[in-house]
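Residue numbers (our numbering), protein chains in the order written: chain A, 340 to 960; chain B, 588 to 781; chain C, 8 to 310.
Think of the hints as simulated: they come from the structure by calculation, not from any bench. Please read these numbers as outputs of a predicted model, since none were measured by experiment. Treat the hints with care, as some may be off.
[What the hints assert, rightly or not] No more than 25 Å apart at the CA atoms, straight line, and that leaves these computed lysine-lysine pairs for DSS-like:
#: 1; chain 1: A; residue 1: K885; chain 2: B; residue 2: K663
#: 2; chain 1: C; residue 1: K38; chain 2: B; residue 2: K604
#: 3; chain 1: A; residue 1: K888; chain 2: B; residue 2: K775
#: 4; chain 1: A; residue 1: K818; chain 2: A; residue 2: K389
#: 5; chain 1: B; residue 1: K604; chain 2: B; residue 2: K775
#: 6; chain 1: B; residue 1: K660; chain 2: A; residue 2: K888
#: 7; chain 1: C; residue 1: K292; chain 2: A; residue 2: K905
#: 8; chain 1: B; residue 1: K736; chain 2: B; residue 2: K772
[Stated by the list, open to error] Here are a few chain A residues that sit away from chain C, every Cβ distance over 12 Å (derived from the structure):
#: 9; residue: A351
#: 10; residue: L750
#: 11; residue: L763
#: 12; residue: L774
#: 13; residue: Q776
#: 14; residue: G804
#: 15; residue: N845
#: 16; residue: E900
#: 17; residue: I933
The beta carbon of each residue, even a glycine, is placed where N, CA and C say it ideally should be.
These are the residues of each chain, in order.
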Amino acid sequence: MNTFLLLIFPLAGFLIAALFSAFSKKGLVVGKTFAFLGFSAIVLVAIMAKSEIGSIIYGPMMFGWQLQFGLTAISWYFALMISGISWLTVVFSLGALREGGTYPMYYAWLFAKNLGMLGVILSQDILAFFIMWEFMSWTTYFLLQQGTKKARSTAMGYLIYAIIASMILFAGIIFLHQASGSFGFSEIASTVAGFDMRTLILAAVLLLAPMLIESAAYPLHRWMAPAYSSAETGITAFLSAISTRIGLYGVAIFLFTVLGFTAMKKLSAGHYFNLQVVIMTIGAFTMVVPTFTALFQHDAKKLMAWHSVGQGGYMLVGLATATSLGVAGGLFHIFTYLTYVTLILFCIAAVEYRTGTTNLNSLGGLIKKQPIAYVGLLFGIIGLAGIPPMNGFVSKWLIYRSLILGGHPFLALAAFIGTLGTILSVYKLIHNIFLGQLPERYNDVKEVGFFMQLPIWILMLVVLGTGVFPGLILGWVAKIQVSLGVEPLAVTLSGVQASAGQLNMNVVSSVFGATMLVAFIIFLIGGRRRIVGQYNNYAAGHFLDKTVKYNFNYNFYSAYEHIFGKRFLNPPVKRGEEGLVALVERASDFARRIYTGGLNTYLAYSLGAVILMVVILKGAI
Amino acid sequence: MEKTITQRSAWDKVLTKLQKRSLWMLHYCTGCGAVELPPTMTARFDMERFGIMPMVTPRQADILLITGYLSVKTLKRVVLIYEQMQSPKYVVGFGSCTINGGMYWNSYATIKSLDQYIPVEFYLAGCMPRPEAIIEGFTELIDRIGEGKANSWEDYYKNYEFYRKNQEHVFGTIDTRTDIPDDAKYFKIGEVEK
Amino acid sequence: MNSVIGLVVWIVFYPLIAFTVGVFLGGYGRKFTARVQRRVGPSWIQPFFDVIKLMRKRTNISHGYMHDISLMMLVSGTMLSLYFIPVPGFHYFSQFGDFVVIIYLLLIPSLGMALGVGETANPNGSIGISRALQMLFGYEVPFVLTFIGMAMLNGTTSMYELVQIQQSGGIATWGIVTHPLLGIAALFALQGMMNEKPFEVIIAPHEIATGPMTEMGGKYMGMMFIQHLINLFVELTIYANLFLGGAKNWFELLFKLFVLFTLILSVNSVFGRFRTDDAMRFMWKIPLPLAAIGVVGIMLGIG
């Protein structure tokens, strides 16, 4: 019942909100209240649906196949994340959304997007999966449009990639149906063992490629950062937190449930094609390249959008290891990433709400004005960089260990390089927004209101709480591993009990707390200190005042730009993409020239066509 | 009552003995005389024997060494830098020009006596003072710190009006962003210990 | 019961021991440099005098609460990583966190300092941090690769177990003997990690006014000193544990630290300063390929 409601509520919400906005262009308060209630209901239903794991409900008949929906351990995990983040986004929007602008269709598309995502994760056969997938892609397109003027063209970029993905997925579904005679996950899984190698490879490629496009894996990632960064900031948070990760859900489902372990072993044993190595390599590139592209961004949202591409690599690599540690790491990283990226983007949105910009070169010193947003961002970046005691550390630790002990030293190195790049770019983020000199024009900036603060507080609690007690989430991850057929991780509330060494976050964080206390005592032993203003500052004897810009934030990592700048700002993938566009343009230009407008040419075409037809017909006869 | 004071001062004495072995110096050498410092720091005389090291910013420095004449314009910077230093801090006037203007006595653009504007711990007379004299002066300073007698910096907090008046007389009002009388209250400088 | 008391004693005194060793190492470092320059040099415990002086400053300025907290993060992060490093007689915490944890804990001080320096709103500081983070990227990459190689070879990421394995066969099983390439690469990285010349561009007093320390005075500088001294011990001990077979007793450990530090100081005292990008290029051209060759060797089963 609750599973059913999980699909019905967003659908109803979408219809009502769309109707409402069609008839009333105003009424922001009504819209907000409705959306808040609607998403609260979805969250409640998602939580209550836990008891229904394993049951199947049947949808309408299509092509002689009855669509199947149902909850599994992994889809409940995703359902909770989707509904939770949607709810937080809505709560945030209660404060952030202003009259006009992106409203009124905002909430309608949010409901629709939820329907699409929940549909994808609930579907238990590939036909339903494909239908919901299509729906989700379209709603993403409309959501992406709800932003700046630039959003329309970047959303179109997304659409092109999404259509390609859908085409491939469609081909894959038809192919699998031909090969196995069924649409259902379990039916396909039972016949997969009998496939020959070539069929298996084709099936794997056709199923996984669209998922990799959706999760923005290198080199199919270029749509994501521009599209997400030009959307409205709350939407950026929502999309980069969960929407992209649906692709990873697809990877997990297709790898472990549809293809299964036997197929994976078979695919990974081949000499000329090794699925595991291919996915891991893609993952490694996804970890490193976008992270360093992020380093050179001058816009907070764009920087985070590139990170949201990069962090996908960790999850991909984790899943592809197919070991107990790695899969747990990958799945847990989806959750941890979701929490801190939303937190970071909400804090950026809070700054944008007050200052009207996310340009990293023009902000600065806002820590004095928006301390709560600062602390939120700090928690977020510590999580994103994966430093204890935040939750990001635990998931990254799992992935590292699985890579090191699994004999992939260079993948582990790539993961670490990605982390270091992350530290560099998130420091740039927090430094350029909150630290340094406060420009005079931001002197009357205030903290944001209650509704915008609430999600920040909640997420801060989650990021820290699941970092200190990772067992809260890892326990469920272990259950997912059982349902996927992976050996479950030995989880305790405080961490992991692995065979070669363990991790106890309780100990790490309590020692951290104790040493902080010692450091505080040392701090107190020293003399009194006085807080001074930013103009009371060493400038080699120069008198500072508001006319002097005494700040360093432009071109923050100059040595890197010196060494790498060109390579990352104009990468081969970008050049390839541009080449493709140029090719299409040229082809279209050629096609345009066919229509000259002169009667003679058309007559000549007709004559040619007739001759061609005669020749072909003759040949056929 | 008597006893607690002695215990405290005994503890204080020990720490001061340790403290005096470390002095970081900021040298302000817009005038002449900077040439005497390299031999003082390097192998010939080696100032670091006494724990005296050159430092770069006023926040870290204990000694402000002012060499040679000070023009009115640079005095502003000296006052700013002096106020940015953390107490206890010691100003050392180096060369005759800081004492009485020296050979620039007739100049319209230089100040005559540095101690009219900031409290000076001691002067190194001469034109130039040789490195031996510098070392001699610094060892003297170290001894005085050890005995707890090097307290000229407190004078700036106690008699701020005097210094301020002289400063304003030379270059008018400047905003160093440090409120000295308020700082004195905040850090309880110059209050009689009970 | 006895072990509990022993544990508590260790927990209380371990940072103090590390600090004391750090003071002597720091003093030795300054003395060594002075002697190379034919000077007498300061006292052997000069860093201790400096700390006392700095902590006893009467006035201190701060640029805000993050400035204060960052210094605490600095000290506490270093102490935290200290606890997870096994030394003779004390390896209680190394069972709760392995080397990956230590690497991440070592990032806490860097991040803490970076945040505090950011709040001081001084461009010299920000430039210093920018350089520090870029250098971090330069030296951590080869260092981590050497560690990955060691961990892969021995099948464990626990530092304590690595030490045990290395001690099993005397000098012949030390990391530096069994895998000289990794050991040498890590030695280069260590030079950068300890900010010694030629990788000292972060501080660069004549260029950016000591960079991160520009606005640090009084007890703030004092805490940075305390952290620096503990960090000397931490970083040298990490190397000793990874490649020099750890130590069976404290005498052996101190001797190894002394030798290692002398090696680093002798490079330090004769080199100039690399520019940031040159330093990074160096790190990626010499130590990183060395480490990579070493790791490939391990993967192929050589050595």
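Check your understanding: Just checking, A351 (chain A) versus chain C, shortest CB gap more than 12 Å?
Key -> Holds, since 46 Å exceeds 12 Å.
Check your understanding: Once the closest CB in chain C is found, is it more than 12 Å from Q776 (chain A)?
Key -> The assertion about Q776 (chain A) is violated, with a minimum of 5 Å to chain C.
Exercise for review: Examine each Cβ of chain C, and state whether all of them lie more than 12 Å from the Cβ of E900 (chain A).
Suggested key: violated, 10 Å
Check your understanding: Are the Cα positions of K292 (chain C) and K905 (chain A) separated by 25 Å at most?
Key -> holds, 20 Å
Exercise for review: Confirm or reject the statement that N845 (chain A) sits farther than 12 Å, beta carbon to beta carbon, from all of chain C.
Suggested key: Non-interface label on N845 (chain A) violated, nearest chain C Cβ at 8 Å vs cutoff 12 Å.
Review point. Between K736 (chain B) and K772 (chain B), is the straight-line Cα distance small enough, at 25 Å or below?
Key: Measuring from Cα to Cα gives roughly 22 Å; hence the hint holds.
**Study point:** K604 (chain B) paired with K775 (chain B) [C-alpha distance capped at 25 Å]
**Key:** Status holds; Cα separation ~23 Å.
Point to revise | Restraint check for K660 (chain B) with K888 (chain A), where alpha carbons must lie at most 25 Å apart | key: holds, 23 Å
Practice item. Confirm or reject the statement that G804 (chain A) sits farther than 12 Å, beta carbon to beta carbon, from all of chain C. Key: Given a closest Cβ separation of 19 Å, the condition holds.
**Study point:** Restraint check for K885 (chain A) with K663 (chain B), where alpha carbons must lie at most 25 Å apart
**Key:** Roughly 19 Å between the alpha carbons, so the hint for K885 (chain A) and K663 (chain B) holds.
**Study point:** Satisfaction of hint between K604 (chain B) and K38 (chain C), Cα-Cα up to 25 Å
**Key:** With Cα atoms ~21 Å apart, K38 (chain C) and K604 (chain B) stay inside 25 Å; holds.
Review point. For L750 (chain A), is the shortest beta carbon distance to chain C beyond 12 Å?
Key: violated, 10 Å
Going through the hint list in order, the structure does not satisfy hints 3, 10, 11, 12, 13, 15 and 16.
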